[in-house]
Amino acid sequence: MLTQQLINGVLASGIYALFAVGFTMIFGIMGVLNMAHADFGMVAAVAVVWGVSAGLAPIEAVLLAVVVMLGVALLVERIALRPGRRYSGDAAIEMPLIASIGAGMILQNTAAVVFGNKAILFPIRLRGFFHIGGYLVAQGLAVSLAIAAVLLTVLEVLVMRTGFGREMRAVAQNRNAAEIMGIHSERVILLTFAITALLAGIAGCLVGLSYGLVAPYMAIPYSIKGLVAMIVGGVGSLPGAVLGALLIGVAEALTVDLLGSQLRDVGVFLVLMLVLAVRPTGLLRTAAGG
Amino acid sequence: MSYGSLRAVHGASLTVGAGEAVAVIGSNGAGKTSLLRGVMGLASRAGRVAFNGRSIAGLRTHEIRRAGIGYVPEGRELFPGLSVREEMLLGGRLLGRAERDRKFAEVFALFPRLRERQGQITRTLSGGEQQMVAIARVLMGNPALLLMDEPSLGLAPVIQDAVYAALDTLRRSAGIPMLLVEQNAYRALGLCSRAYVLELGAITREGESRALLDDPAIQSAYLGQA
Amino acid sequence: MGFWSTILLSACVSSIAATGLFLQIRGGQLNVGMAVFVGIGGYVSGALGTRAGFPPLASIPLAVAAGFVAGALFAALTLRLHHWFFAVTTLALSLAAVAAAGQIGFLGGNLGLTQISFLTDPVVIVAATIAACAVAWLLDRSPAGLALRAMGNDQVLAEVFGVRTKFLRVVTFGTGSALAALSGALHAHRFGTYQPNDLGFQNSLLLFVYVIVGGKTRVWGPLLGTFFLYTMPEMIPIDPRAELIVFGALMMLVAVWLPAGIAGAVAGLATRIIRPGRSR
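Sequences listed follow chains L, B and Y, in order. Position in the first sequence counted from 1, then plus 1, gives you my numbering. Position in the second sequence counted from 1, then plus 29, gives you my numbering. Position in the third sequence counted from 1, then plus 15, gives you my numbering.
In isolation and in its complexed conformation, chain L is listed as follows (with noise of 0.2 Å):
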């Protein structure tokens, strides 16, 4: 049913929003897509799994993953992202973008090794459904959509009316006249980029919540469709990466009704060919920050 599946769209780009904002942001004043990003929920997933078999209280485990998580992203963005701005031209992108590449492939097999191909149970779980008005939603990812559209307000709020978020809208904007404002520019992307691992590994969990299970691979669809959703809405904006996740999970959800669920990404890689020929910059984007 049609109106089902649009909710059901709706539903799941809560979560594809958090991963598409963190590329978006991280793209914006970094000027490098980090591949690993999404691996990095699955990173923060997998350490709350570790934690609680281990014998931490759920609440202790969440922690822990995030100072695990936190501590993997600023060692990837060491590592693979800032040694890439010394190149100049094209490599400038290329280079971070192919040594993020491998820092994910790093930690998803490091994983794999430590934990198994397999699915893992998640410890938090909300698998059941609220019957609204005759329509099934999944507990799970309401809850993620209702997390997901509070942190993205902050982070709305926290970009454009804070002090901090002007020097990050700065730095993104024009580097060198950041500095000779005084913006220890530095120290602001690597911030932002702990924002944004901080979202990443907030919807790794959200994922094992929703559906009950971590997986080592687990980010490579939700890294395809974050970028996608990324793409679609305008690099660079956060509206338009909440947009354009909004515009894959209605897409995703709608192909399912009209081909089946088989073929629901074929539904995503049709959209961004759509709005690539339609508008190659992005629904929303402007010419510069924001």
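Don't take each hint at face value.
With the C-beta cut set under 10 Å, the calculated list includes, among others, these residues of chain Y facing chain L [as the list claims (entries may be wrong)]: (1) 22; (2) 99; (3) 103; (4) 110; (5) 174; (6) 177.
These are calculated hints, taken from the structure and not from any lab test. For glycine and all other residues, C-beta sits at the position ideal for the given N, C-alpha and C.
Start from chain L and add chains B and Y according to the hints.
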């Protein structure tokens, strides 16, 4: 100072004293911009750079700004997506609320046009307005020294008048020392009391502005296009 | 010897696709979904054989042509995309292709094609490998090769210097995809089966690793990368996932320290040995 392996400036030695307005004039490619970028740490440099008796040679750009040197770069280098007000807020972000409001009043008094255009995104402003924003945002941070790179570049003469009038007011009322790099030697020498001439990366002349203005060699080289 | 000849021949087949990918990456088109085009070759040749009775030596050239057309089409649709925009699109293509392939009954659905006629003659495989290298080498040496390198370095700048980037992108991507299709077709006829998962991201990633680690600045880089990374795991038996960890680390190493890959490093070293007086 060098760009990569290319030496742009060599053996330059200048001083700016308290309350002084000093100009650096010279033709295109003389190395004037490199000089200022070197001071700010945006280009590699060797040699002594001291400010208020302290060496700043090893500091990073943002640290140099925090030490009190305000830089208005060539081409303005504004943040294209920010509004005039946001640029100024960035400039004054280390100030307390009350002091910041006071600075806003001060700077708007100097550049009344900007008060009207506060909410406007900088990339939609005219060249002259952008130049004003570039200066305004630096002033918000109470700089102890002002470095200005080609403030008249790309501006219509009428706008140049306005900008230079503001700089003159600054010089007289606030007494902020400034180092002004200019291709338009006439204007620079009109504003500043002392000047250096930079040619092909080296300082060739130095003296009081009045003396340089009267010098026939300077006149033919730099003042022909006044 | 039988074991090693199998490994080396498989490496040959993969290296053909790697060489194709090399051409695409050279021009700045970061294709992280090459397995899709490999798959087109495998499926077309396999289907022509099992459904229409074509002998391999007839269906393979057709598969190569199909690869070229598919590649050229994709490139034409994505002309305005640079680097990672392009890379993301190829990723999305990967996902879609695996899903689609699994749904087409004509191609055997989820189980894929089986009972594809065999063609395992080593001569054919080696000849194809040499031919692929020759194509790449000739292209690289030609004026088009120089234009390609310029475009890969900075596309906008290349345009300014008169490079017809649109045409070059389409033709190069098509050629690379044709080589990939050749590789896929040969693979299909070696093992007799072809499945949707063969088009998946993991296979694309491996090819990408071979080219980057082997070296994306020398024609023999992808060859070196494929042989080295294909055979090493056979010599040192380790968990395939640990193998991928090593590959990931190698990629990071190359991206950060050795952007020209092993081939580049070796070539640089050779220059220094042959002409020691020369400053770099």
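Each hint tested on the structure:
The interface hint given for residue 22 (chain Y) is broken, as the beta carbon of that residue sits about 22 Å from the closest beta carbon of chain L, more than 10 Å. Because the beta carbon of residue 99 (chain Y) sits about 4 Å from the nearest beta carbon in chain L, less than 10 Å, this interface hint is met. A cut of 10 Å between beta carbons decides the hint on residue 103 (chain Y): the least distance to chain L is about 4 Å, and the hint holds. Evaluation of the residue 110 (chain Y) hint against chain L yields a held restraint, the C-beta minimum of about 4 Å falling below 10 Å.
Interface hint at residue 174 (chain Y): violated, since its Cβ lies 13 Å from the closest Cβ of chain L, which is beyond the 10 Å cut-off. Interface hint at residue 177 (chain Y): violated, since its Cβ lies 18 Å from the closest Cβ of chain L, which is beyond the 10 Å cut-off.
Hint compliance for this structure: hints 1, 5 and 6 are broken, all remaining hints hold.
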